[in-house]
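Engineer: Okay, here's what each chain looks like letter by letter:
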Amino acid sequence: MRSRRLTPVAALAVAALSLAGCGLGSSDDTSSGSKPTVDANTQVTGEVSLQTWALKPKFTSYVEGVIKAFEAKYPGTKVTWLDQPGDGYDKKVLSQASAGQLPDVVNLPPDFALPLAKQNLLLDVAAADPKLSEEYVEGGVQAYQYQGQTGTFGYPWYLNTDIDYWNATKFAAVGLDAKNPPKTFDELLAAAKVMHDKSGGKEYLMSRLPGIGDFTNAGVKVLSDDGKTFTFNTPEAVALLDKYRAAYAAGYLPRDILTQEYLGNSKLFTQGKVAWTTGGGNAIQDFVKDNPSLKGKVVPSPALDTPPLYVQGLSVSAKTKNQAAAIALARFVTNAENQAAFAKIVNIFPSTKASANDPYFSKSDGTPESDAKVLAFASLAKAKSLQPAVISGATNDFINQQISLAIAGKVTSKAALDAAVAKANQLLAQ
Amino acid sequence: MKYHRWFTPWVLIVPALAWLLVFNLWPSVNTVILSFTNARPIGGGTFVGLKNFETLLHDEQLRYALLNSVIYMVVCLPFLTIFPLLLAVLVEKKLPGITFFRTAFYTPVVASAVVVALIWQWILDDRGLVNGLAEKLGVISGPLPFLSDQWLLLLSAISLTIWKGLGYYMIIYLAALGNVGRELHEAAAVDGASAFRRFVNVTIPGVRGTMVLISILISVSALRVFSELFILSGGKGGPGGRDNSVVMLIQQYSQGFEGNLGYASALSIVLFFVTVVPMLVLARLNRKGAEA
Numbered sequence: 001m002r003s004r005r006l007t008p009v010a011a012l013a014v015a016a017l018s019l020a021g022c023g024l025g026s027s028d029d030t031s032s033g034s035k036p037t038v039d040a041n042t043q044v045t046g047e048v049s050l051q052t053w054a055l056k057p058k059f060t061s062y063v064e065g066v067i068k069a070f071e072a073k074y075p076g077t078k079v080t081w082l083d084q085p086g087d088g089y090d091k092k093v094l095s096q097a098s099a100g101q102l103p104d105v106v107n108l109p110p111d112f113a114l115p116l117a118k119q120n121l122l123l124d125v126a127a128a129d130p131k132l133s134e135e136y137v138e139g140g141v142q143a144y145q146y147q148g149q150t151g152t153f154g155y156p157w158y159l160n161t162d163i164d165y166w167n168a169t170k171f172a173a174v175g176l177d178a179k180n181p182p183k184t185f186d187e188l189l190a191a192a193k194v195m196h197d198k199s200g201g202k203e204y205l206m207s208r209l210p211g212i213g214d215f216t217n218a219g220v221k222v223l224s225d226d227g228k229t230f231t232f233n234t235p236e237a238v239a240l241l242d243k244y245r246a247a248y249a250a251g252y253l254p255r256d257i258l259t260q261e262y263l264g265n266s267k268l269f270t271q272g273k274v275a276w277t278t279g280g281g282n283a284i285q286d287f288v289k290d291n292p293s294l295k296g297k298v299v300p301s302p303a304l305d306t307p308p309l310y311v312q313g314l315s316v317s318a319k320t321k322n323q324a325a326a327i328a329l330a331r332f333v334t335n336a337e338n339q340a341a342f343a344k345i346v347n348i349f350p351s352t353k354a355s356a357n358d359p360y361f362s363k364s365d366g367t368p369e370s371d372a373k374v375l376a377f378a379s380l381a382k383a384k385s386l387q388p389a390v391i392s393g394a395t396n397d398f399i400n401q402q403i404s405l406a407i408a409g410k411v412t413s414k415a416a417l418d419a420a421v422a423k424a425n426q427l428l429a430q
Numbered sequence: 001m002k003y004h005r006w007f008t009p010w011v012l013i014v015p016a017l018a019w020l021l022v023f024n025l026w027p028s029v030n031t032v033i034l035s036f037t038n039a040r041p042i043g044g045g046t047f048v049g050l051k052n053f054e055t056l057l058h059d060e061q062l063r064y065a066l067l068n069s070v071i072y073m074v075v076c077l078p079f080l081t082i083f084p085l086l087l088a089v090l091v092e093k094k095l096p097g098i099t100f101f102r103t104a105f106y107t108p109v110v111a112s113a114v115v116v117a118l119i120w121q122w123i124l125d126d127r128g129l130v131n132g133l134a135e136k137l138g139v140i141s142g143p144l145p146f147l148s149d150q151w152l153l154l155l156s157a158i159s160l161t162i163w164k165g166l167g168y169y170m171i172i173y174l175a176a177l178g179n180v181g182r183e184l185h186e187a188a189a190v191d192g193a194s195a196f197r198r199f200v201n202v203t204i205p206g207v208r209g210t211m212v213l214i215s216i217l218i219s220v221s222a223l224r225v226f227s228e229l230f231i232l233s234g235g236k237g238g239p240g241g242r243d244n245s246v247v248m249l250i251q252q253y254s255q256g257f258e259g260n261l262g263y264a265s266a267l268s269i270v271l272f273f274v275t276v277v278p279m280l281v282l283a284r285l286n287r288k289g290a291e292a
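Chains P and H, in that order, are what the protein sequence lines are.
The UniProt record's numbering numbers the first residue of the first sequence as 1 and each following residue consecutively.
The UniProt record's numbering numbers the first residue of the second sequence as 1 and each following residue consecutively.
The following block holds chain H by itself, in its conformation from the complex (with noise of 0.2 Å):
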């Protein structure tokens, strides 16, 4: 008795291709749809061709957001590929209380960021605690503008986001160092290499793939940023909106009864191609070091 016919794979990857196409694709493509046309939350919108990507060549305020998304990733990317892989060096070793220190360095990463963002506002504050107590010590006459001043506040959240990603990146270094071999170190110093030496010319390339990965990740979430900056600059972009994220750029324009909901669109896919770059540099970069 034969049951399978040639349609009964089909029929199994029904229910996984509508869940693709209605929860994946489909949303994907209607913004790319959408991009095209002046459409608003109600009463839907019409056709306009090119123009939502014509007006975001002269976008000033999109200017700004894709200039903070770039200086983000340009600080996060050499600070979160680096530190966790040492931390992890460091946490790797079996002492008595390591435990404590591995478990410290991973708190910021359970807490919401939401939480952890209004932690730091309160410490950034005018009137918070790095501020109240630098005047104390006479370091500062005054505060210190962090969260409106242009660039300081960028320059908070970044130290938001580094300090709050050092864990995380951390526990996939760990994993990955786990398969280094130890007796690639045992070699290295039997033949005298230093400890720095062992580091550069076995735990380095014994990670790279991951560092590649962790780049890759940080690349992207830094691009993509949102909560620290919406948080710190209490939702306003900071002075002048000067701090905004394309994130929140898009959420900005979605938002309310009179959303702009083409525009919001046509700057998603902005974001999308602005997002995939790095992602396809590193990763042929990650190709050639490996053909190398």
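Only chain P is shown next, with the shape it has when bound in the complex (with noise of 0.2 Å):
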């Protein structure tokens, strides 16, 4: 009786069992991207793809006028625009590469890109173009490019950077300069230390925890350079937690920042309860849309140390039925004349190294909102990714979980890099 009763529980295990070894693809690929099979200079024809992230309703004739005139200069071509919604964007892709199912060429994000190219579900952009690394910013190239991975993966599309965005006001009150404001990390502390103590503790400066950004900045080596083992746990490190420990402790920052989710500085900054933000160019146009009374008490100035670079890029499907259409329509969205008539209208600078020199971009006008603009396009030239890819939405929650009990003074600043590093490392491994 009692064997009867278990026959199904064993032959739903046994069932299990057998089934996990089937229908799971090896995760032992090693190879490094996937090569072209067709020279891009072949007769372009025929029909491809393309997918962007939220540009619809606001950039549709921008994108319209870019397809149409891709169809003029290649006859026989017809493009599909797909356009997905801001949010979960992420998540589509995912779905649309596990169902293989990507669109022929389609916007990816570097981050995006890297698992996609490792799956080897990505085109080599290089292999087909060989004049990528020419008419591209070196740093926009290199952020489709991975350790442990040959190939380019993605053409730079659009730019972007952070320049720092002060409250005047907040700063008038507190008897410091919004007009010479804080340009080390040092200097920061300074101000905060002042902020707090001018206003009785009621006014903050600092709202954000530091990341794997501010350890680059900070001169650690972040990861190895085989890209196997993160090596961020270094004294620098330490020291740099420590002194964001002591500034929490002394009650420079905002206790709730161990709670907020990313950019919730530029929030509290643009509610007007804190003094300082990180944002991009055009971050200066948003703040005084949502809190009109910011207006004319924002003042921009270059980003502390050196400043992060972003990049927007396209990248082709390794399974296109149609590469040579693909690769051409991907060159042809992000040529030097598209990017800048697209920068124009979007407030982002164009990864084109022919777009340099256009006055829209290097000259301001006077107003707030275009010294930012030129601030920010001048800083893209020092700009670098701060941020390796390899770092997985579960790696980065991990690390800033662990420097929050840091900041927090629940473990110690050394404690929490080591754990950090040895789940990083784990994490990666997988």
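Keep in mind the hints are simulated off the structure, nothing from the lab.
Treat the hints loosely; a few may be bogus.
[As the list claims (entries may be wrong)] Here are the computed distance ranges between Cβ atoms for each label pair: (1) P/G65 <-> H/S28: 44 to 54 Å; (2) P/A341 <-> H/E54: 47 to 57 Å; (3) H/L20 <-> P/Q426: 30 to 40 Å; (4) H/H58 <-> P/K410: 14 to 24 Å; (5) H/V114 <-> P/T60: 23 to 33 Å; (6) H/V277 <-> P/Q426: 25 to 35 Å.
[Said to hold, decoys possible] Within a straight-line C-alpha distance of at most 27 Å, the following computed DSSO-like cross-link-like pairs (lysine-lysine) qualify: (7) H/K136 <-> P/K193; (8) P/K202 <-> P/K410; (9) P/K363 <-> P/K58; (10) P/K179 <-> P/K202; (11) P/K297 <-> P/K344; (12) H/K136 <-> P/K198; (13) H/K136 <-> P/K202; (14) P/K267 <-> P/K414; (15) P/K228 <-> H/K51; (16) H/K136 <-> P/K273; (17) P/K267 <-> H/K136.
Glycine is no exception: its CB is placed at the ideal position from the N, C-alpha and C atoms.
Please assemble the complex out of the two chains, which come individually in their own frames, going by the hints.
Structural biologist: Here you go:
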């Protein structure tokens, strides 16, 4: 009787275990990206799909114009444009990739492109297009080249970086000069102390936790050269965390930074609750739009240390049935002329070397908005990708959790960084 | 003429059976399968045996999540089993305007958990309503860290759950109270029993089955708590992730391009067993009570 009862359970277990062996691909694939099988210069014709990220309806006419121009330049081509909503874009791409239905040309930031490149789902566009590195800025191209992978897995499309924004009214209230804001992290800490002390602990300057980018900026080597181990538990990183920890304990940072999500500091800045935030060259427009009382009070300045480089790009699916048209489309959308036109309506920056001398980006008309744009454009020259693309969402979450524990004084900075490195290495090895 | 054949019933249940297999049974079986692999959202994975389960034995985050879940259940269980019953007894009375109170207590149930949690986040924030009011009244000198202290954040989330659950369980009790014989109360009153004795000796035995059912529902939902902790902690699980629940951990491990579906599945299985245990214990207690 007992064995009869157990039979279905055993059958289910056997079925489960036998199924565990099938339907799952191998993870031992170590090849480095898919090489194109056709020359990019072969005749471009046929149908090709382009997927963008949240460009409708604001930029519909721009994208449709580019598509029309492409179809006119290459008679016989037909572009199908898909635009995905901003929220959950990663999940959409993930499901497309899992189902083998990635569009021919797809907008992917470098961290989205890496896992797809690892699975040979993206084309090495540099192999098809030797002029890639000549025409696009170095940082943009490098963003699509990964340690441990051979190839370039996207055309840089547009770039952005962060500059600093200061609330002049709050600065003046505590005797600080927003026209002469802090230029280094230590000066920032000193100003945070002044703001706290002079306001009786009611005002804050800083409202963010340090992240991997801050370690990079402090001269900490985050990842080993072979890309296989994290190395950011160094004395320099400990010293940086200790400075934040002391500032937090002294009350220079609001306590809820431990629970705020990313961009929490720009939200607090917009709400007028803190006096400093970082943001892109166009962020000043959003601050004033969301909180009109900030008009005339926001002063931009260059980012502290090395500015971060944010890159968006177009990748080509390795499974495209029309490689020539897909590569031609990705190159066409990201060429200097189209990027410059796009940058002028979106307030981002082009990634082509030919755009560097365009006065639109390099000369201010004297307004704070224009000053911010010119500052950001000038910062791009020394901007660098401060966080390796191999840091996945889960890894980043764990690192941030450990940093929070250290800042909150629950564990020492060294212990937090050691735990973060150990877990990050474990996740990297999986 | 006989149209029925032996297979007719089988044909009729095929749609229901197919639905059951595809949408109920297969996802569960698939979770078990995945828990023995290192599967990723793309590129599949390989069979890794018990490695995921070995890893979770040493997972500090899981220990905190389990501790939080158990604390959640232990605190919520008595509060949400007893207070809704008392509320139901109060609002059961047929008094003028009692509908207002019934509706008022039920309102939080109708509101979305996400909206409620967001409102509470604003209320409990360092610069929120509670801290602002308390500081103005001079009760506190500095804001209480409701959302940035490990234990206060957990307590805040538990309070929110209790506040939101009171009306829901009150309605269930109201239905159950309707089945408690009025004549029993009248007989007890004639025998001179006080209101309290009638509550203990008549009302509680009359709704004992419902109390067990509610206890099971509370235990299961407390162990699977997500939205309250997620939103109050800004999605981060509190300082250092120490206010994560098991469901939040599952979500964190499974999301993104590099999501570890195998490990998340192993966590799901742990959660399944953790949830089943109190259910079995309460069901057994109920059976013993009924036999006694």
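Engineer: Do the alpha carbons of P/K297 and P/K344 lie within 27 Å of each other, as the hint requires?
Structural biologist: Judged against 27 Å, a Cα distance of about 25 Å means the pair holds.
Engineer: Does the alpha-carbon distance linking H/K136 and P/K273 stay inside the 27 Å limit?
Structural biologist: 19 Å, holds
Engineer: Between the beta carbons of H/V114 and P/T60, is the distance compatible with 23 to 33 Å?
Structural biologist: 31 Å, holds
Engineer: CB of H/H58 to CB of P/K410, is that within 14 to 24 Å?
Structural biologist: Since the Cβ atoms of H/H58 and P/K410 sit about 19 Å apart, the hinted range of 14 to 24 Å holds.
Engineer: Holds or violated: the 25 to 35 Å window for the beta-carbon distance between H/V277 and P/Q426?
Structural biologist: 29 Å, holds
Engineer: The hint says 44 to 54 Å between P/G65 and H/S28; measuring C-beta to C-beta, is that right?
Structural biologist: Hint holds: Cβ distance 51 Å, inside 44 to 54 Å.
Engineer: Under the criterion that the straight-line Cα-Cα distance not exceed 27 Å, is the pair P/K228, H/K51 satisfied?
Structural biologist: 21 Å, holds
Engineer: In this structure, is the beta-carbon distance linking H/L20 and P/Q426 contained in 30 to 40 Å?
Structural biologist: 38 Å Cβ-Cβ, so the 30 to 40 Å window holds.
Engineer: Take the C-alpha atoms of H/K136 and P/K198, compute the straight-line distance between them, and say whether it is at most 27 Å.
Structural biologist: This hinted pair holds, its Cα atoms lying about 21 Å apart.
Engineer: Starting from P/K267, check that the Cα of P/K414 is at most 27 Å away, please.
Structural biologist: 31 Å, violated
Engineer: CA of H/K136 to CA of P/K202, is that 27 Å or under?
Structural biologist: Holds, at roughly 14 Å.
Engineer: Would the pair H/K136 and P/K193 pass a check requiring their Cα atoms to be no farther apart than 27 Å?
Structural biologist: The given pair, whose Cα atoms are some 25 Å apart, holds under the 27 Å limit.
When the structure is compared with the earlier hints, a violation turns up for hint 14 alone.
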